[in-house]
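Sequences and hints are given; from them, build the entire structure.
Here's the letter readout for the chains.
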Amino acid sequence: MSVRAPVEYAGLTSIKGPLVCVEGVGGVGWDEVAEIRLDSGDVRHGVVLEVAGDLAVVQVFEGTRGLGLEGARVAFGGGPMRIPVGEAWLGRVCSGRGEPLDGGPPVLGTELREIGGRPVNPAARATPRDPILTGVSAIDGLATLVRGQKLPIFSVGGLPHLELAAQVAAQATVRDEPFAVVFAAMGVTNADASMMRDRLELREPSDDLVLVLNTADDPLVERITAPRLALTVAEHLAFDLDRHVLVVMADMTSYCEAVREISSSRGEIPSRRGYPGYLYSDLASIYERAGRIQGLAGSVTQVPVLTMPGEDITHPVPDLTGYITEGQIVLAHDLHVRGVYPPFDPLRSLSRLMRLGAGGSRTRPDHLELAAQLYALVAQARRVADLAEVVGADALSESEARYLTLVDAFEADFVEQGVDEARTIEETLDRGWGVAATLPARELTMVSEAALREHYPGERGRDEGPAG
Amino acid sequence: MSAGSVHRVSGPVLEVEGLEPGMLELVEIGEARLPGEVISLAGQYATVQVYAYTGGVRPGDAVVATGHPLRATLGPGLLGGVFDGMLRRLSGAPALLADGARLPTLDERREWSFTPTVEPGGRVEPGAVLGEVPETEAIAFRARVPHGVSGTLEWIAPAGSVTIEEPIARVAGVDVTLAERWPVRRPRPVAERLRADAPLSTGQRALDLFFPIARGGSAAVPGGFGTGKTVLLQQIAKWCDADVIVYVGCGERGNEMADVLEEMSRLEDPRTGRPLLDRTVLVANTSNMPVLAREASIYTGVTVAELYRDMGYETVLIADSTSRWAEALREVSSRTGELPAEEGYPAGLATALAAFYERAGRVRTLGGDDASVTILAAVSPPGGDMTEPVSAHTRRFVRCVWSLDPDLAYARHYPAVSWRDSSTRDAERVGEWHVARHEPGWAARRGRALRLLADADRLESIAQLVGATSLPDRERVTMLAGRLLREAVLQQSSLSANDAYCSAAKQEALLELALDLHDACAGVVERGVPIARIDELDLSPATRARDVAGPDDAAAVQAVAEQLRGEIWGLA
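As given, the protein sequences belong to chains A and B, one line each in that order.
Here my numbering is used: the first residue of the first sequence is 1, the next is one more, and so on.
Here my numbering is used: the first residue of the second sequence is 1, the next is one more, and so on.
For the record, the hints were derived by calculation from the structure and aren't laboratory data.
All figures in this text were calculated on a predicted structure; none of them were measured in a lab.
We put the CB at the ideal spot given by N, CA and C, even for glycine.
Treat the hints with care, since some could be wrong.
[Unchecked claim] Just the calculated beta-carbon pair ranges, DEER-fashion:
#	chain 1	residue 1	chain 2	residue 2	range
1	B	Val435	A	His333	50 to 60 Å
2	B	Ile462	A	Arg382	18 to 28 Å
3	A	Glu398	B	Val548	26 to 36 Å
4	B	Pro270	A	Ala52	58 to 68 Å
[Said to hold, decoys possible] Which stretches of chain A does chain B cover? Using the computed rule of at least three CB atoms under 8 Å from a CB of chain B, they are:
#	stretch
5	124-130
6	273-286
Written as structure tokens, this is what we have:
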């Protein structure tokens, strides 16, 4: 597509809601970006929704308040939004449009890329493998994040999901390979934004981090562009510069609300809960940008964070997300109330690709069997706890009562950790064995004899009693 | 060919002037030659839906009519390949897809070794086989007289190398090539439809034993996210006893397609000893690829399945997921200003679904063979709501519903096929087929097992209120049998080396094992043995048998049954 010198068109033909019509335009294409300059010096941004003959319909993202038919000039950008890409992004903080927020100069890159990206050829994809370790026991141990995976965090308003997202971004590592973290914050409060900036400053080295910040009072359009910008930067780092890149995006619910708001102002027919019918495709255009490509060393891994309105997992945002992503990490309100951080719900959380990223030399040979065993024990403990509610804890048999102890140990010694505490995978797994050892070795039927001999704490062997 | 220009652009929908196309004609837009399809005509304007991202398309861009509808190039070389929703070849294409890229379906230069199977001189009709080329080691591509051509076979190529565009025969003055073009929205003709009664063996016990599907039938797999739809369909794609599988990833994950491709290349077909990929065509239009090509992918896939059916093969079309296809329909209809019916879907949704599932069937082909297309399709109900339009309409048109239960998946019971909500209308015919094969007990066994499962469910809900110990022993035996059926028969791990695929013989043996143990337990309880004594027995060999015995090892299962039966009767 040829690049034209921007031409300015003076005056608007009509204004209706957020839509303005410009007449007499030539060579304007669909989905082109536009800038509307007011005589007051105010600049607003828009995108071409429709072109017919010499008439272009432009949606103004900041709204049309104060706009008149006269006194506005519209310039078209010659194509969809593009940004420079390159290593110059590392260590920078910018807005959802890519403007510096750290007082530094504008980011200059090696080339310009459209932020919409291009679909990866499914036949050229490589299956995700190898872990990204987050230093968070619940995630590394039980829902391992795999390079090339998209693994969302499902949360509820009021829970510390932003703290967890910042912790993951601050602590994530891959062993001995080039790495980078791109953090996109969408529609977060200024208080949360400054909390996250503080936390992310702890990241060492700090020059492999890119922060894209869109606060709740920033323009809506930047909520739409922020994740795409983040992913465009990430894809270049991954597939041109051979880095493993983790992209954390919070909060996708705010993003989806922005999509809904724009859709409704376009007068589109709503589907469920007022969200447009294409929300699935729209989300997929973001989430599917995670992955690996055959023959290339880098990878893009995504951790989207979203809040489930009313803790409803069937709400369109978590529901459609769950259909696209490869598992989910669910945070539970009741754990938060009991003061457990992170409030990780083991039974509803799952990393579907875990077997590709854990076990063997990827983490440790006993990892997968230990994780399966812990899941089973916690599930059994949940049933015992339900039973105890009905019959009373006193009526439990001795072996059943141990499961109640196990849940306490699981929450206190394994899940619970500090917001700036990074654990090695060895420590995480050893703590897992400590929890499992609440039960006698003979009841751990999902782990091999060899793993028991090597890792079961204290006196080992299948017929020994509980350790300690 | 006529040429016109773009007048209006609104997303993937264009208005074009100066063109006099026919309805559903394929057009090409701009320098990039983006493909589009004419969906309505009014006065000087034609409305076109475009199978690519239309960013940057402007009024005035040239539009060229191609003179034909959306069609697929069919010929040898499809098997083992990956294609997009318009059957453009993705294997070997660049890692990042460009809009409107011209990716040919088949390699036009590849030489195929042709062997004629008829002599020239006779009269031939459409569908008659002329010769074949070994497309893969598992499947021979049978070249046939195309639809609409008949008369004297004037010439046929001798045995030797041909490319797909070189003539292999001349029928009444018309050159016939290996490659053929077919409009994908039109079902390929057949001589007659036949009654479907032979079951398709899927290698999955929950399906073959309880909710069998006939070859030529259709099944829907509804289930919310995380219930294992994709894993179940992939298992069937790997292990069912069809000749050719067409797997359509319609608006689903890219990583999944990479995984299917890798697994299919790695795994061996137990019947031919060749990689499973040799019998598989993958159509991958992932969720981030153009939404209209997703709409087309279902039709493209079923057309390829019909192609191999017409050669006399048993084919299976797997579509994951039809909900994404319906959403693509909805997206187009809202752009063209069609009045929406339920939840924004076009009023024609039910008709479109019905027409799609009708392309399944057991048929006599034009060439005189018995062959079939079986359609298996995932449905992804938003929020797990089974009353939403796609789920509700699909149930009306398919013969089997394999419903996936989130509670089972949550309890890690896989495959999470619900015995309460699943159904099959093929059970009776499959039962008759078993009778004809001297297995008269098949239907009775199935009925008994389903009743036991239902009774056990009912008793368990009572036991949760009053405690299991307050139920009479006879009913606790039923609960035990329910548990055996669930754990020893229904559960089947897709990761197990021994049990990912289960032969018919092992399936029967496992079902008999569970029912035999039920008989034995009921027998000893009848004789006054308290159920507590049965509870003390270690019945875990029964639940481990599926994993311990090899995929075809019915004898090992029978040995377990023998031993446990002895232990139980020993109590009396």
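Right, here's what the structure says about each hint:
Between Val435/B and His333/A the C-beta distance comes to about 56 Å, which sits within the given range of 50 to 60 Å. Checking the proposed 18 to 28 Å range against Ile462/B and Arg382/A shows it holds: the Cβ atoms sit about 22 Å from each other. The beta-carbon spacing between Glu398/A and Val548/B, approximately 32 Å, falls within the hinted interval of 26 to 36 Å. With their beta carbons about 59 Å apart, Pro270/B and Ala52/A fall inside the hinted range of 58 to 68 Å.
For the stretch 124-130 of chain A, the assignment as covered by chain B holds, since 5 residues bring a beta-carbon within under 8 Å of that chain's beta-carbons and 3 suffice. Three residues within the 8 Å Cβ limit are the bar, and the stretch 273-286 of chain A against chain B gives 6, so the coverage statement holds.
Figure legend: structure checked against the earlier numbered hints; every hint is met.
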